[in-house]
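Start from chain P and add chain F according to the hints.
Note that the protein sequences, when read in sequence, are chains P and F.
Numbering (the numbering used here) for the first sequence: 3 to 682.
Numbering (the numbering used here) for the second sequence: 3 to 682.
Don't read these hints as lab results, they were simulated from the structure.
Treat the hints loosely; a few may be bogus.
Chain copies aren't distinguished; within one or between two, either way the pair holds.
Unchecked claim - For lysine-lysine, the following DSSO-like pairs were computed, each having C-alpha atoms within a straight-line distance of at most 30 Å:
1) K171 x K631
2) K60 x K8
3) K8 x K49
4) K171 x K476
5) K414 x K98
6) K8 x K171
7) K49 x K4
8) K631 x K4
9) K4 x K171
Number of protein chains: 2
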Amino acid sequence: MKHSDKPAEEGYELWLRYVPIEDEALLATYRTRITSLVCVSDSPTLKVAQAELLRGIKGLLGVSIPLTDTIQPGAVVFGHPDLAPPTLGDEGYIIKRLNEAIVIAGNTDIGVLYGVFHFLRLLQTHQPLDNVHIESAPKLKYRILNHWDNLDGTIERGYAGFSFWDWHKLPDYLAPRYTEYARAVTSIGINGAALTNVNANALSLTPQYLRKAAALADLFRPYGIRVYLSARFSAPLEIAGLKTADPLDAGVIAWWQAKAQEIYQIIPDFGGFIVKANSEGQPGPHDYYRSHSDGANLLANALAPFGGIVIWRAFVYASENPEDRTKQAYDDLVPQDGLFAANVLLQVKNGPLDFQPREPYHPIFGAMSHTSLMLEVQMAQEYLGLATHMVYMAPLFKETLDAETCDGPVAKTVLGMAGVANTGSDRNWCGHPFGAANWYTFGRLAWDYTLSSEAIADEWLRMTFSNDTPFVQKATGMMLTSREAPVNYMTPLGLHHIMARSHHYGPGPWVTGGRPDWTSLYYHQADSEGIGFNRTPSGSNAVSQYCSPYREQLAHLDTCPENLLLWFHHVAWRHVLKSGRTLWDELCFKYNEGVTQVRRMQADWDSLAEYVDAARFEHVRALLAIQEKEARWWRDACLLYFQTFSKQPIPADYEQPAASLEYYMNLQHYFVPGIPEQRF
Amino acid sequence: MKHSDKPAEEGYELWLRYVPIEDEALLATYRTRITSLVCVSDSPTLKVAQAELLRGIKGLLGVSIPLTDTIQPGAVVFGHPDLAPPTLGDEGYIIKRLNEAIVIAGNTDIGVLYGVFHFLRLLQTHQPLDNVHIESAPKLKYRILNHWDNLDGTIERGYAGFSFWDWHKLPDYLAPRYTEYARAVTSIGINGAALTNVNANALSLTPQYLRKAAALADLFRPYGIRVYLSARFSAPLEIAGLKTADPLDAGVIAWWQAKAQEIYQIIPDFGGFIVKANSEGQPGPHDYYRSHSDGANLLANALAPFGGIVIWRAFVYASENPEDRTKQAYDDLVPQDGLFAANVLLQVKNGPLDFQPREPYHPIFGAMSHTSLMLEVQMAQEYLGLATHMVYMAPLFKETLDAETCDGPVAKTVLGMAGVANTGSDRNWCGHPFGAANWYTFGRLAWDYTLSSEAIADEWLRMTFSNDTPFVQKATGMMLTSREAPVNYMTPLGLHHIMARSHHYGPGPWVTGGRPDWTSLYYHQADSEGIGFNRTPSGSNAVSQYCSPYREQLAHLDTCPENLLLWFHHVAWRHVLKSGRTLWDELCFKYNEGVTQVRRMQADWDSLAEYVDAARFEHVRALLAIQEKEARWWRDACLLYFQTFSKQPIPADYEQPAASLEYYMNLQHYFVPGIPEQRF
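Isolated chain P, as found in the complex (with noise of 0.2 Å):
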């Protein structure tokens, strides 16, 4: 394979790399349609779209074009608060062709940011700009990245380095790379930033704390990103010294007044708390005795004269329950309908277990209709081959967002969509050079969840790497594999959670030991007469959840999606599939078919080189190559271990396993990234 002489990249510029535009034809189209700006406020946010927009035609058409105040043809125009239908919002923009000059306008500054960063965007995809006429406005109002970066620099779950918010050094220095996250962020429609784990420091609501997220916030203002920050409901015990914690405590009610009123002092756009209560650990109301509406409407009440929001998490469980784990958050939650604080919304997991490769969609969605609720992603690669393995997301999240419930799709019962980072100091921001597709496509889809899955790869792809029609086919086909493989080599036809235990990283089906559900053999069930997990009426009835005729078709054998068989029915080894093969057949030819893809995936990457600078050409191989080693480790292992259960062969066309499942179990993993704590 011959490397192509591009200049190295590194991924830092993401998808703002505003790189010349080769094509001579359209370059010169574009330099006679972009020949001036014309602005008519100077206000924070519009001189970062001014800025915005001088970089990038630079950049990409090789000029530095004037600005002016008079418009004249070729000018681009923007901020005319005028121009824009009010329809769009608060956060909407048009770009529109007007007697020769090109508008981009939103009833509000930051809007025009938004529109500033589409039309550049059409610049780098190469779109015509003659007859450009968009309106866009965002379909839910809350687009959120959660960050779950420690003060200490760890991140839980953090698979691309260290954290990059240097709170030591905060608030006196600003590093660059805080201003290139703005832009990134901006660029793609997020309007807020959870800056800390949802695992809570108390210490990030100090004074000394609140400084260094105030200087953030002050940076962040013109870029219309709201900072939030996860409060750890027991904070009153560990930081102000208060005997209880309890919500409904006057004390503590005043407490957290005092608080809310000392943080908007400061941070005056404050957007809010992301709280995780009694959840895996964390303290929260029930430890009271109290509900979580009673927890959630502490902090909501308290916020809510300065505008703030709460989004408490939908992500609970009990530490000693022996009812089925993905139903306790319905049973927790569905009965509080109603009784949450306006201010507060809800912010529910995709699936009701825990982010794994595929899931149903949570049967809260449809099911809170008085309750805000947000919809949670984890771009985080917790649960799919943490930041080595390219696994694009956006059909995984579109699975959930076009998921049918009772009151319509889940895009249209939530307010608005949180997403857990995957950001970290690596240079290229997420450790996979296409991780950053899965950030990328949060943004795109919190602002428009009707965009599908190849239209934002296809956008990406361009943008990050190159507009050549042949590159930009074959390597969109590869991030559409790249969704469905880990699934197939990791958890086929709806297992879940058999992974190693707690840092997730490689197979760990028999893990077993301590709590049942933080175990491999609660979730797959496996003995001699199949595997999966009953929740169908005659098991733990996880499927009454769902409203008709939803709950129906997923207890039914017959009916339910093959994909998410065994999450909801215990079936037997000889069961026959679709395809014709048995259970135990199928799940050989899904394990293999998962190496295949990967394989593909490989073979589909070295045909790419010409179109690819090296640098990110091999480290994107290189990681493709470790991803084939992981895949077969996964297979080998899960069809190993499961073949004590099914006592079959594995079908003798297939490739057999490299070692005995003595050989994986004893396998052993220290110091795998995500897992901050853990020490030898």
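Frame of chain P; chain F shown alone:
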């Protein structure tokens, strides 16, 4: 102040930027002197040399010169061993103009590579080539970076982000940064890298991790960099299940022999082990009532057949010992002089305590003539303001290198130098844009300890920032000032170890409780009479560890250098110093002088805006502002605290403390970098 319009830089290229030479006359001359490359071999090392020459010449001169087989005028001929004097040894080189060509020759390929980097340095610093004739060979054999990087990605005393060894992805993915590291390291003559923390994890000696280290060793080999690993003395217990780690036990001996063989099978040029034993909780031979030489020789004998060495750290002190801590290493080790195997090097810190802003030289130097010694210095600023303070360490290192022992200067008593690396994942490698100067200095002094601090600063500045004379002059002045400034605002007049506990961030002269020798009171001994540690014969008599006449010089108040006064003497508050000021007034003067020096550095830097790109300029500026703030913090806190003993006023012509002693004593800092294990 007006920023320069130079393009933004981040410091990633370190001193190997190879930016175009702007001086047209010089450029024209260089272009006639350098017109082709001639190389007679294509060994891996000479391929590296050739690539570096092409890259450097392309960058500096803007031309791509051809590789030819024949020597014509303007040829740069490299790799000719026949042209190298044998006296240059294995690593030396000659750079010489010969018949209109320039010859870079060495007896070995690595000698040539060092010569190539020197040649490029000549161009980078705008040196004339017409009569160039340089012969250079390292004055010290071992020039080793000590990385205190942990397998989990943290760095002990790391202030520039986290580790850039990505153990998780090794050996499959070799980050480009490893190659950049190798280039930088080799360019300054460093020939070894100890990859792992001296507070060692036995896992680094397991096959899984050895394969990772081997991948790095393979990459480093052409650069002449040998890989060393820290060895945990108790590894046989921890990773092999032996019942003892007793160095005289046959099973233990056999285990280390087999381990050495295993290592050399995959790393044939493995450098050896570095060991911290029986110090600060690390296991060691004392656990079995054996001596340090027993322990060191165990490992040395295992490595000897393969040419490896053991670097045994002399930083040892007992967990319970009433003796003056600064005396313990000498007491423990000097009696063992002559007992260490030939391939053991004893690695001795520059001073007898622990990398304080200023220490006397370690009395082991000159006292163990039958033992091979290494000098250990620390670029990581554990006690020097972390990576936020500008502290140029060449003068500090040279104070020790030049210090006279009875065997001559310290430099003549050692076989090598080890430097605790200040590198991390920060884009600019060392956190502070001036931090790399200390990395650079370490390499340059280890190669040639006769270089002056000014000369090293001059060449580093020219390569890192600018050849403009006004810039180089003023910035050199700043760097030289920066050595004494922190001594003044932290620990003037020989004070030591009065930093905050554990993380050492900020002042903590009041630190007490726990082990006496981990408190500040132990070291400053302030009372109503005076301040300082009496190490004369009437006190701990640590001076007796120095030979005559140095011991007498240090023992007497009037001959002891004032900059070490309180290290060796308990001095009365009203004692009059050479300045004519009393000790108390001199302390006040020095603490204020430190702040003044930082302010002078700030003013100097502000005057240099036109010479430095805005990005690096503003970065340094922000950090100098932090340094000034923290210098005041140090001054005010220390003077207020010591005032409780002196009972004297801070002279009115100095700035008075900004807050109360109580305020400073109550300051709490969490998550200070460099203390991975610290959790709230």
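- Query: Okay, which hints does this one fail, numbers in order?
  - Reply: Every hint satisfied by this model.
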